[in-house]
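These protein sequence lines are chains A, B, C and D, in that order. Everything in the first sequence is counted per this note's numbering, starting at 9 for the first residue and increasing by one. Everything in the second sequence is counted per this note's numbering, starting at 9 for the first residue and increasing by one. Everything in the third sequence is counted per this note's numbering, starting at 1316 for the first residue and increasing by one. Everything in the fourth sequence is counted per this note's numbering, starting at 1316 for the first residue and increasing by one.
Just so you know, not all the hints are guaranteed correct.
To be verified - Dumping the calculated DSSO-like pairs for lysine-lysine here, alpha-carbon to alpha-carbon at most 27 angstroms:
1) C:Lys-1581 with C:Lys-1390
2) D:Lys-1581 with D:Lys-1454
3) C:Lys-1390 with B:Lys-76
4) A:Lys-76 with D:Lys-1454
Since the hints were made in silico from the structure, they are not lab data.
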Amino acid sequence: MARFVELDEAIADLVHDGDTVALEGFTHLIPFAAGHEIIRQGRRDLTLVRMTPDIVYDQLIGAGCAAKLVFSWGGNPGVGSLHRFRDAVENAWPRPLAIEEHSHAGMANRYVAGASGLPFAVLRGYRGTDLMTHTATIAGITCPFTGEELTAVPALNPDVSIVHAQQADRSGNVHLWGITGVQKEALLAARQTLVTVEEVVDTFDTHPGDVVLPGWALSYVAVVPGGAHPSYAHGYYERDNSAYAAWDATSRDRSSFETWLAEIGAGAGSSS
Amino acid sequence: MARFVELDEAIADLVHDGDTVALEGFTHLIPFAAGHEIIRQGRRDLTLVRMTPDIVYDQLIGAGCAAKLVFSWGGNPGVGSLHRFRDAVENAWPRPLAIEEHSHAGMANRYVAGASGLPFAVLRGYRGTDLMTHTATIAGITCPFTGEELTAVPALNPDVSIVHAQQADRSGNVHLWGITGVQKEALLAARQTLVTVEEVVDTFDTHPGDVVLPGWALSYVAVVPGGAHPSYAHGYYERDNSAYAAWDATSRDRSSFETWLAEIGAGAGSSS
Amino acid sequence: MTTPSATGGGDPAGGDPADGYTTDEMMTVAAARGLSSATTCFVGIGLPSTAANLARRLHNPDLVLIYESGTLGAKPARLPYSIGDGVLAESADALCSSPEVFNYWLQPGRIQVGFLGAAQIDRFANINTTVIGDYDNPKVRLPGAGGAPEIATSCHEVVVVVRQSHRTFVDAVGFVTSVGFGRGAGHREALGLPGRGPQAVITDLGVLRPDPTTCELTLTAIHPGVQVAAVRAATGWDLTVSADLISTDPPTADELSTLRRLEATKTGVGR
Amino acid sequence: MTTPSATGGGDPAGGDPADGYTTDEMMTVAAARGLSSATTCFVGIGLPSTAANLARRLHNPDLVLIYESGTLGAKPARLPYSIGDGVLAESADALCSSPEVFNYWLQPGRIQVGFLGAAQIDRFANINTTVIGDYDNPKVRLPGAGGAPEIATSCHEVVVVVRQSHRTFVDAVGFVTSVGFGRGAGHREALGLPGRGPQAVITDLGVLRPDPTTCELTLTAIHPGVQVAAVRAATGWDLTVSADLISTDPPTADELSTLRRLEATKTGVGR
Chain A
9 MARFVELDEA IADLVHDGDT VALEGFTHLI PFAAGHEIIR QGRRDLTLVR MTPDIVYDQL
69 IGAGCAAKLV FSWGGNPGVG SLHRFRDAVE NAWPRPLAIE EHSHAGMANR YVAGASGLPF
129 AVLRGYRGTD LMTHTATIAG ITCPFTGEEL TAVPALNPDV SIVHAQQADR SGNVHLWGIT
189 GVQKEALLAA RQTLVTVEEV VDTFDTHPGD VVLPGWALSY VAVVPGGAHP SYAHGYYERD
249 NSAYAAWDAT SRDRSSFETW LAEIGAGAGS SS
Chain B
9 MARFVELDEA IADLVHDGDT VALEGFTHLI PFAAGHEIIR QGRRDLTLVR MTPDIVYDQL
69 IGAGCAAKLV FSWGGNPGVG SLHRFRDAVE NAWPRPLAIE EHSHAGMANR YVAGASGLPF
129 AVLRGYRGTD LMTHTATIAG ITCPFTGEEL TAVPALNPDV SIVHAQQADR SGNVHLWGIT
189 GVQKEALLAA RQTLVTVEEV VDTFDTHPGD VVLPGWALSY VAVVPGGAHP SYAHGYYERD
249 NSAYAAWDAT SRDRSSFETW LAEIGAGAGS SS
Chain C
1316 MTTPSATGGG DPAGGDPADG YTTDEMMTVA AARGLSSATT CFVGIGLPST AANLARRLHN
1376 PDLVLIYESG TLGAKPARLP YSIGDGVLAE SADALCSSPE VFNYWLQPGR IQVGFLGAAQ
1436 IDRFANINTT VIGDYDNPKV RLPGAGGAPE IATSCHEVVV VVRQSHRTFV DAVGFVTSVG
1496 FGRGAGHREA LGLPGRGPQA VITDLGVLRP DPTTCELTLT AIHPGVQVAA VRAATGWDLT
1556 VSADLISTDP PTADELSTLR RLEATKTGVG R
Chain D
1316 MTTPSATGGG DPAGGDPADG YTTDEMMTVA AARGLSSATT CFVGIGLPST AANLARRLHN
1376 PDLVLIYESG TLGAKPARLP YSIGDGVLAE SADALCSSPE VFNYWLQPGR IQVGFLGAAQ
1436 IDRFANINTT VIGDYDNPKV RLPGAGGAPE IATSCHEVVV VVRQSHRTFV DAVGFVTSVG
1496 FGRGAGHREA LGLPGRGPQA VITDLGVLRP DPTTCELTLT AIHPGVQVAA VRAATGWDLT
1556 VSADLISTDP PTADELSTLR RLEATKTGVG R
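In isolation and in its complexed conformation, chain A is listed as follows:
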């Protein structure tokens, strides 16, 4: 049964150095507040998993939290590059970053396998691409009925998955709607989970794209209004596109990034 806790308590309890951590949310409902709390707590050597790293992972990578990134598209949507990600990959700053990259279809299916208690998933993908050469977690598989050759990818089972949802009820059931990406699968694939929510309500209304996850399948719920800013929370607030644009300048330069780190309360030397 999900327990309601404060965000800092949840992160302290769930996220440990060396863990594999997934923060999901496809453009929408990205758990920024949780990401910033991981930075403030100074976690290290994380394997960060996420289809679209977005600027939240740029921040975690720049802060030196990550040893490895498992992903499928690492850009600043609508703006350009993730400069801290590029600096880590191109220049090993603030530390080397191992990468394991897939396509969106592959990542989505890896979460599906994880949520399903299966060791792998099958898809039509990757054939002819150089991803097959550089990513070890892609293999061929033969259909036992037709003999057709397909592609297999291994399950993702993060130690912790974190998502942001619009609402929880008092039983700890959580409710998200709109674009819901791979959040359900990311939560169900993980050993432990945290859902940050905009608010707690008595009952859930219905909306297009509803996803309701029962509280008994979750570890923690933390009430964090605005916890997805500068991404958006459908029905609560819009995407802060100017913040995404501003991140380009903030992140382009190491020193302006370190100023940002200090502003969010990261300890001295967070990035080194």
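Following the hints, put chains B, C and D in place on chain A, whose structure we already have.
Below, chains B, C and D without anything else, positioned relative to chain A:
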């Protein structure tokens, strides 16, 4: 783009002797009217696919429409046996019925593979059961990453899938809610599709368990109020449990069944 | 074992015994008691559904019921008539598709107790719901597997509720639809089945549990007024009786009245 | 070929040519014209999204737009700022999860046209959006694959919209993120890729299409005022010019004003 047609026209156009046909709906929204129209049109040698044959397939089997049944649970829910199904399997009346039986998990995954354009699906299932001996469409498969042995089942790709939904809009998008079973997968797995609906509305409201399927992915929509009776249509009418109970007597005896056949307008000799 | 067992507690009923109850009522009450400490239960229709809903009303209001129709956390105000009854959908915490309920909820071992019925069950708690007689030329064609094979393997443990008779309790089922302990000790492990398998078979005569060493079902509890000889006579193998055989507490007045109120909800029209 | 091609039509613009337009505007208008007879389109963000939304406004209001955020049939009232923009969700016929959009909608070949951008594209229309330089020690790390590899293989055909330059149009990409024609004729078939691959590459200078025999991209249309020599200079291989080279009709006043009104929707705050 889905075309609005009359039920008889849709069945005449879509369902041909020898076709593989799936009518889906898990207790809820069972497309009875479409099944009865198939009986009236005297189709023969069908391979009928359905997780829970329910009394609609008892009727089709008794009427002699089916050469084969692909299924996972063949009973009269809450009542007992499907007598026409049993008579066909036990006594080859009105004709022999080949069976291919799975578990629900296996059938659901076969539809998922079909909807996904994959030749097979993987699950943890069947191990240690005698289904593995008697059902050819179950095979072992080895995880290419862990070496673990799992089970594979081949995709289901019906020639035609038919479901009943609560609503269509004027563009032919369809909307069902409540218990939605494997209907989405059954439709997306099929080469052609028919959705019968209670009514056409201007816009869709939201409900728990919403499934909306775009009209451009469907072949035909037919407006058939009450088309799921005696099963139920959440928000429209309740299950006619007395009709399910009465079917036990009607179907137990070949002659009372033939009287029923005549009553729904099946041609003479439908069952032989 | 250190993990809490949903069926391990004797769970004293703790009320006044009721006068005049049927053997089916005793069975259902005993089954409901077995769920007094359970957290999540994958519910088969019929007797298991009645017992699971009774457990929610009697002593385990937080018990999460999952039905294979994709209704997660159903809290039906009346007994469902079928496994896809609208009252399950209306009262559920969440609804999901058939693929999702099996793939995302059952298969990964998220559900603690699987609650099953049976047409036939054997010495090693294997269940047959497929066929009596030759598969290709059957004497009786039964409904088939449904969700049971994967419930029997993926839930942490399984409880079977079934009326006991010589025809139902057979030495070895002719068709294994759902695996209990297969051919005996170690067979589940050899098959790689994750759950612990059937931990209790609750009948109208008593309770059978697997022997810790051999996995053979043995009589561990007997309902009030039932003789051991009668249980043995209703069993198609040489039934071992536990040295620690206990007598089931009869239904309390509260248990019985709650059960009867629950059963009465089903007689209306409903759907 | 007998199947209608989404990009086959010259589709005469049929209006008065506009005065004063940018090369980007010409590119976007040409790309939108290429969708005039398309039914369904899987839309990448950026230039492809602008062109696809322009096509809906100009001459193909029934064009179904699918974005990888799981928005099926999006009809955004303004240009989406990102691929998961809330206006896509609000206007979609249906919403689905990420696994579903790739597994149920893209993978089975349900989508006719895949509309992609590129960081680099080569002679055989293979696309690189992963890395410039050595993979393990890159000169420029690009965003990576996203949905593109499977869009490039599963859609019936692919259209690429990209500004043309010597740096972007290379002889052979250093990293194949999304397969065009691989190493040339027959390679897609050998890989078992279902779609027909890139049928048009629409740039700010002209339109390149695969040679029917060799699958090499050749210049088949040139935009008004652009010289062939300039296109060749902006191409990193010895570009073949089609014997049937046509000149693109300039944007009509209606095309241009519609495009500009569309672009203006993006400058607001929005999300």
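Checking against the hints above, which ones are violated? Hint check: 2, 3 fail, others pass.
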